[in-house]
Amino acid sequence: DAGVIQSPRHEVTEMGQEVTLRCKPISGHNSLFWYRQTMMRGLELLIYFNNNVPIDDSGMPEDRFSAKMPNASFSTLKIQPSEPRDSAVYFCASSRTGGQLDPYEQYFGPGTRLTVT
Amino acid sequence: DAKTTQPPSMDCAEGRAANLPCNHSTISGNEYVYWYRQIHSQGPQYIIHGLKNNETNEMASLIITEDRKSSTLILPHATLRDTAVYYCIVRVALRNTDKLIFGTGTRLQVFP
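Here the protein sequences come in this chain order: A and B.
In case it helps, the numbering used here puts the first sequence at residues 1 to 117.
In case it helps, the numbering used here puts the second sequence at residues 1 to 112.
By construction, these hints were calculated from the structure, which means they are not laboratory data.
Computed from a prediction, not measured in an experiment: that's the story for all the values here.
Note that beta-carbon positions come from the ideal geometry of N, C-alpha and C, so glycine has one too.
A portion of the hints provided could be inaccurate.
Looking from chain B toward chain A, a few residues come up when the C-beta cut is under 8 Å (computed) [to be verified]:
| id | residue |
| --- | --- |
| 1 | Cys12 |
| 2 | Ala13 |
| 3 | Ile39 |
| 4 | Gln42 |
| 5 | Gly43 |
| 6 | Lys99 |
| 7 | Thr104 |
| 8 | Val110 |
| 9 | Phe111 |
Residues of chain B clear of chain A, computed beta-carbon distances all greater than 12 Å [said to hold, decoys possible]:
| id | residue |
| --- | --- |
| 10 | Pro7 |
| 11 | Asp11 |
| 12 | Gln45 |
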């Protein structure tokens, strides 16, 4: 398996522009997670989906951020308009979940390094 | 989920065992202990997890105290490639609450 695929790997954009980050989870995984990592705040969970349905978006910083998962093999995280404080590494992760006592692991992608100038 | 406390940094000589402690004094009976690590510029990687018993796999061993209030991750023969940030996480495995909450972790530096 190719693992979790993220694109682009690097994105540089100007303040006010729309940014779209993409993720392809591992085939067969039914949960998908978006994280953001900065030096100041560490690794933060933004939102996660289970069976393509958003379960918890309490980590989404504000209305400028939105995430979709139109099917089991694709998800996007959009920032509109972008701001310099959005500069961070954004990770996507996927897992296979099910059952109350089903320990599992999350598989992370390589991340997208976003710089907003 | 219970909160964890880890030292911010540790050093270890190459070839020696690295013992990374984690305190989780408020852990509940149905919470698992997970360890992940993050090598520079990469996404976090799962290492091991456990509930009550000690666990071992090809990467590491996990020792959980009898009262489950603390645990230790052991890398038996550390190499330079083990230099990373190690995260200790406790998690309840419940349907539809499958999220992991990462703290600040321990930055392990393995030196020659």
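Each hint, compared with the structure:
| no. | hint | verdict |
| --- | --- | --- |
| 1 | Cys12 | violated, 23 Å |
| 2 | Ala13 | violated, 28 Å |
| 3 | Ile39 | violated, 11 Å |
| 4 | Gln42 | holds, 7 Å |
| 5 | Gly43 | holds, 3 Å |
| 6 | Lys99 | holds, 6 Å |
| 7 | Thr104 | holds, 6 Å |
| 8 | Val110 | violated, 22 Å |
| 9 | Phe111 | violated, 23 Å |
| 10 | Pro7 | holds, 16 Å |
| 11 | Asp11 | holds, 21 Å |
| 12 | Gln45 | violated, 7 Å |
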